[in-house]
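Number of protein chains: 2
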Amino acid sequence: MKYIKKILTIEKVKVRDIAKKFDTPTYCYSYNQLKKNINDFKKNFESFSPLICFAIKSNTNVNLIREIKKFGLGADVVSIGELMMALKAGINPKKIVFSGVGKTSKEIAYAIDKKILLINAESKSEIKEIDRIAKNKKKKVQIGIRLNPNTDANTLSQISTGKKENKFGVNEKTFLELVNYCMGSKNISLKCLSVHIGSQILDHKPYEKMLNVIDKIIVKTKHNFEFIDLGGGMGISYGDNNRKLNYTKYNIAIKKFLKKHSTKIIFEPGRSIVGNIGFLISKVIYIKENDEKDFVILDAAMNDLMRPALYGANHKTLTSIKTNRKSKKTYEFVGPICESTDKFASLKNFQKLKEKDIIVMCDVGAYGMSLSSNYNVRPKPAELLIEESKIRIIKKRQKHKDLM
Amino acid sequence: MKYIKKILTIEKVKVRDIAKKFDTPTYCYSYNQLKKNINDFKKNFESFSPLICFAIKSNTNVNLIREIKKFGLGADVVSIGELMMALKAGINPKKIVFSGVGKTSKEIAYAIDKKILLINAESKSEIKEIDRIAKNKKKKVQIGIRLNPNTDANTLSQISTGKKENKFGVNEKTFLELVNYCMGSKNISLKCLSVHIGSQILDHKPYEKMLNVIDKIIVKTKHNFEFIDLGGGMGISYGDNNRKLNYTKYNIAIKKFLKKHSTKIIFEPGRSIVGNIGFLISKVIYIKENDEKDFVILDAAMNDLMRPALYGANHKTLTSIKTNRKSKKTYEFVGPICESTDKFASLKNFQKLKEKDIIVMCDVGAYGMSLSSNYNVRPKPAELLIEESKIRIIKKRQKHKDLM
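Here the protein sequences line up with chains A and B, keeping their order. Position 366 of the first sequence, counted from 1, bears residue number 366 in the numbering used here, the numbering being contiguous throughout. Position 83 of the second sequence, counted from 1, bears residue number 83 in the numbering used here, the numbering being contiguous throughout.
If you're looking for bench data, these hints aren't it; they were derived computationally from the structure. A portion of the hints provided could be inaccurate.
If chains are identical, the list can't say which one is meant, so a pair holds when it fits in one copy or spans any two.
Claimed, not checked - In silico DMTMM-like links for lysine to aspartate or glutamate, alpha-carbon gap of 20 Å or less:
id: 1; residue 1: K36; residue 2: E46
id: 2; residue 1: K249; residue 2: E208
id: 3; residue 1: K205; residue 2: E11
id: 4; residue 1: K244; residue 2: D294
id: 5; residue 1: K356; residue 2: D299
id: 6; residue 1: K88; residue 2: E172
id: 7; residue 1: K293; residue 2: D40
id: 8; residue 1: K106; residue 2: D357
id: 9; residue 1: K88; residue 2: D402
id: 10; residue 1: K255; residue 2: D291
id: 11; residue 1: K293; residue 2: D152
id: 12; residue 1: K293; residue 2: E172
id: 13; residue 1: K5; residue 2: E177
id: 14; residue 1: K316; residue 2: D40
id: 15; residue 1: K140; residue 2: D203
id: 16; residue 1: K6; residue 2: E355
id: 17; residue 1: K395; residue 2: E226
id: 18; residue 1: K260; residue 2: D131
id: 19; residue 1: K396; residue 2: D215
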């Protein structure tokens, strides 16, 4: 995504042309950015060729997952629905791991039937349930146990998952107990230790701490884990600050860890694969003047993009045509929904806008569409995949009649 | 909803029987509570027989809206989708008002064609757009103008809408300008002054202040408004505190106002009509012991009920069977979604629970299903309407194949 002669383009397609042809609001994804993200990720960690399981929850578009699959990635799923979606996209079950604190009996049975690589269990009760179902089915099931390493990921509290007050994983004491439980079961094959300390992590140090915790606990278990699943959480750059996780430093820490432990590393990246490939294209319905600021009312709303309302997230906001005129007043970008939370950003010195202008919110490829809803009986946006000058509709815009 | 011999019942149906027959998570609505809410509302304000327009955004189930319609209520809609839904439910267009800051040209044209009672405009640009479309269609359109009375509703900032920093309505100066504009238009008939200062308001004093502001501005306009739309926002009691808006005091304030102004009052209640009629029935998947607290992992999640994650809302939590055993540890009620925000409540001294127990979250009739999503590829719950011992499925549970 860049300005060419002041015209914003995604790959080789002008944003204003997309708005005209496909209407707004519309999600667009850049295929070449996806390719670059995956290749960069692979290249950085290539010395130990990890199994990369794409975190389906970040983007559940089956056509996009199909493209991701073509690069050899597996899937990290957290529900039977996501597992079905991953299988539908053609992902090999032997590259699928199933995470989540609340897997139901039905979900576990389905995962066993589909012979996926790993069920990463998160509690004593879950392991007992897996054991019971596996016994009934006369199967031996490969599992992982998720450790809660009590490591602060230094990220937002809403997306921190690896501290002892979080619902995820088990503490060291329970972990050791559960390893023993698995050793005594005929129907469970303990293959993996998994962790995931949070989302949007920008500093490699929490990962180093996490690896130290894992190192010590492996020694205590005396168990040979075929896989260590390090989860995801790799932070990307939102807005203009250019902060993102330094992969190289994380890689060094893992290589050091692998000198002591011979195991296959699993990653579960979501945001770092699809976050910056996505753009939400919208139109200015009205500009509403106010004393201290002007409201720029867009046709995209919190139902289309929930992250600002839910996490206070900021997304870089651009115009489809660059001009040099600036607004003297602050612009508050809002949606048309009848809630004060339906607000995207407050920006000073923004380019002077007029009604019907096209506005693009960037870096919405992860947790954009997957968190969208039909609040205010609003149909969901269309989704497009753009490669060079080729545009493919990978999901049609919902119609009102689908909601009636 | 009450315990009969320690068994929780909604009307005459046992909650545990609902869970068994319809599975979980499931939304249930009490018909008799709905009837009581509407009748109480009408009775309290009967001296001036207001037009009561149900705020569709609070609950968009077409079958429920149909029941509400049978009590003579109209509708407050905020999008073309909600307008379609209201019409589908059989609501008379002459009882429909259209609110919202971002009505598109298409939405305005549709509302004009359907001859609804009022389009409540929220900006200069919108009024000009209504004027332009009405002129093209050679119609005279009835509108209201929404005033932002700059009144603090003393509610949560996310649901406050009547302060000058909120995107809603226009300030006094603009209001007076727009009244003049409408007077000069052949295609606009200015019928209404509308306000709406926020949601879940528990104190009648902000309403008194709001009425004072309206009183003064009407005098300044010298215009005879056929309708004054006071919006909604009447707060209900969540949890055990029994605080709710005192209707009687609000009624007194309005009657005082009506002594000076001869006009028809419109209300736009949502939460106060459907909030306390709704229950979300879920099942305990696992109880996960932790050092300081135990996690009660439910099969309902933030995608089913967003209010706790979005607003930090608390919903009263009950068991389907009452016992006298208490848990020594705090229970943290969470959903199975892979987010730390997927958390409903932390409760001390709660009844001792076991896995498979049925848990009910109360007062979820408003902004429950309407804010729900398919996050984590989770199908939406079923919705049931219960009257005495009769159970009607008013929306079927979504299937996974609908999401693929």
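Worksheet item: How would you label the pair K293, D152 (within, between, both, or neither) given a Cα cut-off of 20 Å?
Response: between (38 Å within a copy, 19 Å between copies)
Worksheet item: When no copy is named, should K255 and D291 be tagged within, between, both, or neither for a Cα gap of at most 20 Å?
Response: The answer is neither: 57 Å in one copy and 33 Å across copies each exceed 20 Å.
Worksheet item: How would you classify K88 and D402 at a CA-CA limit of 20 Å: within, between, both, or neither?
Response: between (22 Å within a copy, 13 Å between copies)
Worksheet item: How would you classify K293 and E172 at a CA-CA limit of 20 Å: within, between, both, or neither?
Response: between (52 Å within a copy, 16 Å between copies)
Discussion item. I want to check one pair: K6 and E355. Are their C-alpha atoms no more than 20 Å apart within a copy, between two copies, both, or neither?
Written reply: within (19 Å within a copy, 60 Å between copies)
Worksheet item: How would you label the pair K395, E226 (within, between, both, or neither) given a Cα cut-off of 20 Å?
Response: neither (38 Å within a copy, 46 Å between copies)
Worksheet entry | Alpha-carbon proximity context of K293 and D40, limit 20 Å | neither (42 Å within a copy, 41 Å between copies)
Worksheet entry | Within, between, both or neither, where K106 and D357 count as close if Cα-Cα is 20 Å or less | Intra 49 Å, inter 17 Å, cutoff 20 Å: inter-copy only.
Worksheet item: Between K244 and D294, at a C-alpha cutoff of 20 Å, which is it: within one copy, between copies, both, or neither?
Response: neither (32 Å within a copy, 35 Å between copies)
Discussion item. Reference check for the pair K396 and D215, CA-CA at most 20 Å: within, between, both, or neither?
Written reply: Answer is neither; intra-copy 47 Å and inter-copy 49 Å both fail.
Worksheet item: For the identical chains here, do K356 and D299 meet the 20 Å Cα criterion within one copy, between copies, both, or neither?
Response: within (10 Å within a copy, 44 Å between copies)
Worksheet item: Is it within a copy, between copies, both, or neither that the alpha carbon of K140 lies no farther than 20 Å from that of D203?
Response: For K140 and D203, neither the intra-copy (39 Å) nor the inter-copy (61 Å) Cα distance is at most 20 Å.
In the structure shown, a violation is registered for the earlier hints numbered 3, 4, 6, 7, 10, 13, 14, 15, 17, 18, 19, in ascending order.
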